[in-house]
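Using the sequences and the hints given, assemble the complete structure.
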Amino acid sequence: MATISVEGKDIEVDEEGYLVNLGDWFPGVATVMAEIDEVEMGDDHWDIINFLREYYEEYQIAPAVRVLTKAVAKKLGKAKGNSKYLYELFPYGPGKQACKFAGLPKPTGCV
Amino acid sequence: MKKLHFLEVEGNTKGFFTFLGLFGLISLIGILSAYYMEHNGHWVTGMNNQIIWGTPHVFAIFLIVAASGALNIASISSVFSKTAYKPLSRLSGIMAISLLSGGLVVLLLDLGRPDRLIVAMTQFNLVSIFTWNILLYTGFMGIVGVYLWTMMDRPYNKLTKKAGMAAFIWRLILTTGTGSIFGFLVAREAYDSALLAPMFIIMSFSFGLAFFLLFLMGSYKYTQRELGDYIVSRLKNLLGVFVAAVLYFVLVYHLTNLYSADHRDITVFILTGGGIYTFLFWVVQIALGSLVPLFLLYGPTGKNRAMIALAAALIILGGMAQLYVIIIGGQAFPMSLFPGMEVSSSFYDGVIASYAPSLPEILLGLGGVGVTLLLMTVAIAALKFMPASLADEVADPHSK
Amino acid sequence: MSAFYALLLTVAFLVLIIGLSKKIIQYSRVPAPLKIPVTPAPLTKGGVAVRLAKEAILFAALFRSNKWTWLFGWMFHMSLFIVLLNHLRFFITDVPVLLVLLQNVGEYAAFTMFIGLTGLLVRRIFVARVKYISAPSDYLWLILLMVITLTGIVMRFISHTDIIAIKEFSLGLMSFNWQDLPTDFPLMVHLFLVAILMILLPFSKLLHIPGLFFAPTRNQVDNPREARHISSWAAELDAEKNKVQPK
Amino acid sequence: YQTANARSQSEKATSKVRWGMLVDTTKDVDWNKCVDACNNEHGLGNEHKSRDDQKTQYIRVVDVKNKGTGYSISLPVMCQHCEKPPCVDVCPTGASMKRPDGIVLVDRHRCIGCRYCMMACPYKARSFVHEVLSDQKENTPRGKGCVESCNMCVNRIDNGQEPACVEASDGAIIFGDLNNPESPISKILAKHGGKQIRADLKLNPGVHYQGI
Amino acid sequence: MADFETPEFREYPTIPLIKQDVMAGKGPFVSRAEFDTDLGYPGELPEDWKEKTLEKMGDLLGRYRSLQVFMDSCIKCGACTDKCHYFIGTNDPKNMPVARQDLMRKVYRRYFTFAGKFFPKLVGAVDLTEDVLDEWYNYYHQCSECRRCSVFCPMGIDTAEVTMAAREILAHVGKAQKYSNQIIQKVYKIGNNLGLPGKALKGILEDLEEEMEDECGVPVKFNMDEVGCEALLMTPSADFFAEPHIDGLIGYGKVLHELGITWTVSSKASEAANFGLFIGSYDNIQKISMRIREAAIELKVKRIIFGECGHAWRVAYSFLNTLAGPFDFLDQSYPIPQHILEVTYGALQEGKLRMNKAENDHLTMTFHDSCNVARASRMGDRPGGQFDIPRAVIEASCNNYVDMDADTIKDATFCCGGGGGLLTDDLMELRIKGALPRMEALKQVTEESGVTNIAAICAICKSQFTKTLPYYGFEMDAIMSVHQLVSEAIVMTGSMQEKELDGVDEEEAESESED
Ligand code: SRM
Ligand code: SRM
Ligand code: HEM
Ligand code: HEM
Ligand code: SF4
Ligand code: SF4
Ligand code: SF4
Ligand code: SF4
Ligand code: SF4
Ligand code: SF4
Ligand code: SF4
Ligand code: SF4
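Residue numbers (the numbering used here), protein chains in the order written: chain A, 1 to 111; chain B, 1 to 400; chain C, 1 to 247; chain D, 1 to 212; chain E, 1 to 515.
Hints listed in this document are in silico derivations from the structure and should not be mistaken for laboratory results. Every value quoted in this text rests on a predicted model; they were computed, and no experiment measured them. In this text, a Cβ means the ideal position worked out from N, Cα and C, and glycines have one as well. Just so you know, not all the hints are guaranteed correct.
Which bits of chain E does chain C cover? Going by a derived footprint, with three or more residues having C-beta under 8 Å, they are [what the hints assert, rightly or not]: (1) 81-87; (2) 111-118.
Pair ranges (Cβ atoms, derived) [claimed, not checked]: (3) Gly299(B) - Leu85(C): 56 to 62 Å; (4) Glu44(E) - Gly42(A): 39 to 45 Å; (5) Gly450(E) - Met141(B): 52 to 58 Å; (6) Ser21(C) - Tyr111(E): 39 to 45 Å; (7) His39(B) - Leu85(C): 41 to 47 Å.
Following this line, the structure appears as C-alpha cells:
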C-alpha cells in the first residue's frame, strides 16, 4: 500500500490517494495532498474542507452536491452557491477531490 | 441552408407493405402474363408477322429511355455542378437503375425464347446495334452502381464527379444506341432519320423527369417527409423546358419528313391518315401530352401540386402515345417493295397492318412498371437514397 | 477407388449427422436463465419466427452492418442453397417440377457462389480489421469451398463426367448397394473435399447454422413482465433461497 | 451449336460459290405451285392456332400494279439472300447468319426470338413462329419462339438437289452459282440481264428477276 | 489533468485503422479481499488458478446457453468490428467486439473443442497462462456491456454476455474489479451504491420537501420508509446525491404528487442499480434484487416504480420477475415493475398533467438513448416504446427537440462510454476515448440545429456526461435528466406557477415571489 509523507509521518493511502485510515487525518494531510494535485489551498478551500468534515462526522457520508452548494450559499452568498464555483476550487470535483483532501472516503457509485 | 441528411424509409409499416404488395402484385401479374404468352406462343397476342414489336416494346422502350432521363438529375448536379440538384442525385441514380431493370425485364420476357437469355449474354454479334445495346445496358447498370457508391460512401465522394461524368457520357451513348435501333432499320421509312437519335435523347429527359417528379411527390407524400416548393418548382420548370423541346423536335422531324420524298407518305399517314395513330398523335401526344401539361406547368395552376402531378402523368401518357405511334405506327405502314406501284399479296404487302394490343401484352408492359416501382420501394427502404427532408431550408441554396 | 469414396462419403455423412445432432441437443439442453433478447424484440412467438427468418434468409443484421460483406456473404449463401437444391437430383429419382425449373437458372449459381466466396476472401486478406481476427482456418474454409465450387464448375461446364453413373452411385450409397464411380480427377477432388467439409462442419465455425437459431438474443420473446421466465438451474437456486413472502 | 456451322464448313459450303436464283416473271406459270412446293418441303402450314397474319410464309406471290398505266405482273418473293443482309447485321446473337455460299438462314439453337431481323429485312421475308408446333419435317425442325425464313432449301442443296420451288416452277426459276460465269444462271444474266427488287438499297440480293 | 489525448472530432465518421496495443495495460484496480468475501469470491489468485478458471468456464458453459452458442457460432465475418465505441475511440484492435470475445474463445477452443485440442495453431487456440488472464482482466474491463455489437452481428452474438462471463470467472480466481465489488458490498452493508446511511438520506429528502414548498407552494412529499404508500420508488442512489440526477428526482416527486400517487423510498433498498449485472454474477444480481421484494412487502405497497436508470431498468424489466417474483402481492393492474416515464407518459396521454413548455424555451434538446434501455429492455406495450416514450415526454416538456444522427440513436445508440462498471476514475482514459462517437453525434446537432442540451435517462450516463462533455468542448451542465425538463414545465395544481400562469390572485403571487 502506498504512503505519503506529511510532516515526517508516513500516512497510508490507497491506490487513488485516499486515506486508508480516516483517523490519520490532520490539516497537514490536506496541504500535502493539495500539493500533489497542484491545487493551491486558500481560505475558500478550507471552508469547504471543514464543512465536509463536519458533515461526515454527523452522517458518515460525504454531503450530496446539492447539500454542499446550499451550505456554501448560506455561508458565502448565492453567487458561490453552485457547483461551478466548487469545480473552480477543486478541478476534479468537489465530491471527489475535496473529500480526498478532507480525509473522507471516496464517494463511489454512479457519480 | 440546412445540412442535408439522407435516411431510409421506415420499412416496418403497414403503408410500406401495402405498396410492396401492390407493386409486387403488378409485377407478378406481368410475369404471369409473360408465362401465359410463352406457354401458348405469341399467337395469343395482337402481334403478327407485320407488327413484330407490340405493346410490350412500347413499355420497354419507354422505361429504358426514361431510365437514361432519370439519371439526368444526378448529372446536372455532379457534372454541371448545380448544387440545387444534389439532394436528388441518389434518388435519380437508383431510379435510373430501377427503370432500366423494369424495361429490360419486359424486353426479356417478350422474347420468343426468353429461356435462352444466356445465349444473348454469351454469344455476341458485335456488328449488331442490339448487341451493343445489351452491353450498354449492363454497363449502364454497373457505372451508375459505381456512381451511386461514390455518392453514398463518404470517403469516396471525391470520385463522384468523375463517376458522374462517366455515367453522363455513357447514358448519352445509351440513349443514342436505343434510338439507333430504329435508325438502323434502313428498310423502314418511319425510322430512317438522323433526327431520331437526338430526339430520343430529349424524349428521355422529358419522360425520365416526369417519372422522377411523380415518384418524388408521391413518395414524400406517403412517407410524410417535407418537400419544399423550391425543388418542385425548379423541377417543374425544367420539365416544361423539356416538353417544349420534345415538341420542337417532333415539329422539325415531321416537317423535314414532309419535304423529303422518301418519307412523305408515312408522315402523311401518321398526321392525316385518320385512324388510331393520327388520333394518338394529335390528341394524346400533342394535346394531352404536351400542350395541356405546358399550360398546367406554366399557367396559373403552376404552383398547385396536384396540377403538377397531373401534368407529369399526362407527359408520361403522351410519351407512351408517342412511342406507340413511332413503334407500332411505323410498322403498320407498309414497306414498299416497288416504290410508286400498288402492291398486294397473301402476306399483307401494300396494306396497313392491323394491330390491337391484347390484355396480356398490356399487363406485361405494366408489369415492367411494377418491377420498377417495386425495386424503388425496396431500395429507398434499404439504403439511404431519400433526403430526410427537402424542405426549402434544406434544398434551397438561397436559404440561409 | 469407388469403395474408398463410398466409405468416405458414408462416414462423412454419419459424422455430419451425429456431430450436428449432438451439438443441437447440447444447445437445447443448456439453459438460458435470464431474458436477454436484444430489443426492440417481438412480443410473440410468431414475431420471433419472423425475426429469425429475416436473419436466416435476408441476413438482416449483416445488411445493417456492412453492405459489402452482406453482398458477398448473401450471394454466396443463396447460391450455395440453390446449388444444394440442384444437387438433390443426384439423390432422388423423382425430381419435382419446381426443381427442374430451377435447374435452368440454377446452373449459374456456381458462378455467383464463386464470386461471393472470392469477395469474402479478398476482404479477409485486404481489410486489416478482418485480417486481424482471422485464424488460418478461416481462410481455409473459404478456399475449400472455392475448390469444391471450381471442381464442380469444371465438371459441369468444361469436362463433363458421367452423371448417370454418379446418380447410380449416389442412389446406391443411400441403399447400401455400392456402385462404381467414374474416376475423373475433378470428381475425385470434389467428392473428397465435400467429405472433408461434412466431417469438419460439426467441429467448426460452420456451427453458425444451428447457432443462429439458438442465440437467446434473437430467439427470445420480449415478455418478461408478463410471463415469469424460469430455467432449470435457476429454479433450483430459487428453491434454496427461502424467499420472503408477504404475511 | 455447331450444327449449322458444321454444314457450312462441309465441302460444298465454300465462298467459292454463291448460290442465287433468277425468276422470269414474264413466263406464264402458276407461282402458287412454287409456294405449295415450299410449304410441302418445309412442313409449313401446320400452325393451327395462329391467325392468318401470324402464319409463316417463306415464299409468297406478290401482285404489282402500276396505277398510272394499269400494267400489272405477279411474282414470287422469298428471302432474297442478300449479299449484305441487314438481318444478319442486326441479329444480336449471330443466329441470323450468312453461309459462305451466300445462303442466309437462322440457327434455331441460337435464335432468342427478338425479331429484330424481321424489323430489318426490307423484303418482309421472315416469319415468327407464334405457337407450339408438332409434326415438323425432319430437315426443318421449326419451333415456337424462333424466327425463320426461306433457307434456299439448304438441306436439298447440300444433297446436290435444287430448291423445291425451283423444281416446281417449270423452269421459270433458275437456280445456280452466281460466282461461276459458266453456270446457266450467270450466262442468262449476262445475256438478258436481270433486276433486283429494291436495288436502290444496295444489298445485292442473290435473287434476280426478269420482267419487273 | 490527463495523461492521454482526447481524440479529435473527425470530419465525418469513418472506420478507423487499427493501432495495436494502444490500450494494453493492467486494467482497473483489482479488488481486495475485504470487498470480495461478502460476494463469495476468494479475493486473491489461488494456487490452482488454472484448474479453477477452466472449471468455472466449463460450469458457465453449461449454465448459459448464450455463452455456449456464442463461443461456437462466431463466423469471423467482421461485421461487429467497427461497431464498438471503445474501438472507435481507442483504435485498439482488441476492443473490436469479436476480438474481445476471441480472448475467451481462444481458450475455449484449446480446452473444450476437438479442433483446438489437436490443431491449436490452425484455429487460433491458445494455452491458458497468467498473461492471458491479465489480458482478459484488462480488455474485459474495456467493455461497457452495451450490446451495440450484438445488434449488428448476423449471429446475434452479444459480447456483453461474454464479458460478464469473463468477469465472473476472473472474480472466481481473485481478479475482481475494485469499483464494482466495493459498491456491491456497500449495497449489502448500507443499502445503496453510495453508502448513504438512512439518516443522511432522510436529511436530503426533508431538504427537498422544504425546497418544494418554497419553490412551488405545494407540499410535495419525499417519503422514506412510510408504510402503506401506494408505490415504492426505486431509484439510483445517485438521484439523491449528484447533479443533474437530483433534478430528475424532483421531477418524479412533482409528477407523482400531481397524480395523487403516494410513494416512498426504502432505506433498506435505497438503490435501484444492480451492479451484479456488471460482474455477471447471477447470485449477486438475485441477492440485490431480493431486497426490492423485501422492501415492497415490508412497506405494503401496491406497485413498484423505477426512476431513471438504464442498468437498473434492464435488471428490473428483464430479470426482476424471474429473480424475485412472482409479485402476486402487488396490484396487477399496473406493469410490474413500472418505469417512471411510463407513469408520466400515461398521465400525459390522459391529459392529467398540465405542461407549460415555454419554461424550457431557452433549451434546444436532444436525447441520448441509454443503451441498456434501448437494447435490453422496453417501455410501454409495444416494441420500440423505449424510444418513443422518452421522446414524447421530452416533446411534451419543451418546444425544441432534435434527434441526433439516425445511425447513433435508438437501437444503434452509442454508449456514453461509462456503463458496465467502468464509471471509475482509474479508467478515465477509456471513458473519455469511448465517448467519442456519442460526442461527435452531439457535436453535429449542436452545429446544425443549435442543440444546447442533451437529456438522458440513466444515472451512469448523466455522471459520465458531466465528466466527458468538458473534454470535448461542451459545457458540463449540458446534460440533463428527462424529468428535470418535466419538473421545469409541469404546472402543479395549486402551485405558484399555476397562479402566475393563470393570472389569478396576482397580488399574492407577486408578494410570494418577492420574498
Ligand atoms: C435440344 C436438341 C434436341 C434434343 O432433344 O436433344 C435440339 C433441339 C432443337 N433443334 Fe436441333 N437439337 C439438338 C441437336 C441437334 C443435332 C445433334 C447435335 O448437335 O449433336 C442436330 C444435327 C446436326 C447435324 O445434323 O449436323 C440438330 C439439327 C437441327 C437442325 C438442322 C440444322 C441444319 O443445319 O440442318 C435444326 C433446324 C434449324 O436449325 O433450322 C434444328 C432445330 C432444333 C430446334 C429449333 C427444333 C425445335 O424447336 O423444334 C430445337 C431447338 C431447341 C433448343 O432449345 O435448342 N436442329 N439438332 C439438341 C440440342 C443439342 C445442343 O444443345 O447442342
Ligand atoms: C438573387 C439571385 C440572382 C440575382 O442576383 O438576381 C440569386 C442569387 C444567388 C446568390 C446570392 C445571394 O443569395 O445573395 C447565391 C449564393 C447563395 C449562397 O448562400 O451561397 C445563389 C446561389 C445559387 C445556387 C447555389 C450555388 C452554389 O454553388 O452554392 C443555385 C443552385 C444551382 O446553381 O444549382 C442557384 C440557383 C438559382 N438561383 Fe441563385 N439566385 C437567383 C436565382 C436563382 C434561380 C432560382 C433562378 C430560377 O428561377 O430558377 C436558380 C437559377 C439556377 C440556374 O440558372 O441554374 C436570383 C434570385 C433568387 C431568389 O430566390 O430570389 N443559386 N444565388
Ligand atoms: C441457415 C443457414 C445459414 C445462415 C443463416 C448463414 C449465415 C451466415 C452469415 C450471416 C455469415 C456471415 C456473413 C459472411 O461473412 O458471409 C455466414 C458466414 C459463413 N457461412 Fe453461413 N449461413 C448458413 C449456412 C451455411 C452453410 C450451409 C455453409 C457451408 C457449407 C456456410 C458457410 C459459411 C462460411 C464459410 C462463412 C464465412 C464467410 C467468411 O469467411 O467471411 N453457411 N453465414
Ligand atoms: C455422393 C455423391 C455424389 C456423386 C455420386 C456425385 C457425382 C457427380 C458426378 C457424376 C458429376 C459429374 C456431372 C456431370 O458430368 O455433369 C458430379 C458433378 C458435380 N458434383 Fe457431384 N456427386 C456427388 C456429390 C456431390 C456433392 C455433395 C456435391 C456438392 C456438394 C457435388 C457437386 C458436384 C458438382 C458441382 C458437380 C459438377 C457439375 C456438373 O458436372 O454438372 N457432388 N457429381
Ligand atoms: S431478304 Fe431479308 S432475310 Fe433475306 S437475307 Fe435479305 S435481309 Fe435477310
Ligand atoms: S429473332 Fe433470332 S434470328 Fe432474328 S435477330 Fe433475333 S435472335 Fe437473330
Ligand atoms: S428455296 Fe426452299 S425455302 Fe426458299 S422459298 Fe424456295 S422452297 Fe422455300
Ligand atoms: S459480427 Fe458476430 S459473427 Fe461476425 S465476427 Fe462479430 S461476433 Fe463474429
Ligand atoms: S458490448 Fe459494447 S462495449 Fe462491449 S464489445 Fe460490444 S460494443 Fe463494445
Ligand atoms: S453504457 Fe450503454 S452502451 Fe455502454 S454498456 Fe451500458 S448500456 Fe451498454
Ligand atoms: S448505473 Fe445506472 S442503473 Fe446502475 S445504479 Fe447507477 S444509475 Fe442505476
Ligand atoms: S448511462 Fe451510459 S452506461 Fe448507462 S445506460 Fe446510459 S449510456 Fe449506458
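Results for each hint:
| no. | hint | in the structure |
| --- | --- | --- |
| 1 | 81-87 | holds (count 3) |
| 2 | 111-118 | holds (count 3) |
| 3 | Gly299(B) - Leu85(C): 56 to 62 Å | holds (59 Å) |
| 4 | Glu44(E) - Gly42(A): 39 to 45 Å | holds (44 Å) |
| 5 | Gly450(E) - Met141(B): 52 to 58 Å | violated (42 Å) |
| 6 | Ser21(C) - Tyr111(E): 39 to 45 Å | violated (23 Å) |
| 7 | His39(B) - Leu85(C): 41 to 47 Å | violated (24 Å) |
Hints 5, 6 and 7 from the earlier list are contradicted by this structure; the remaining hints agree with it.
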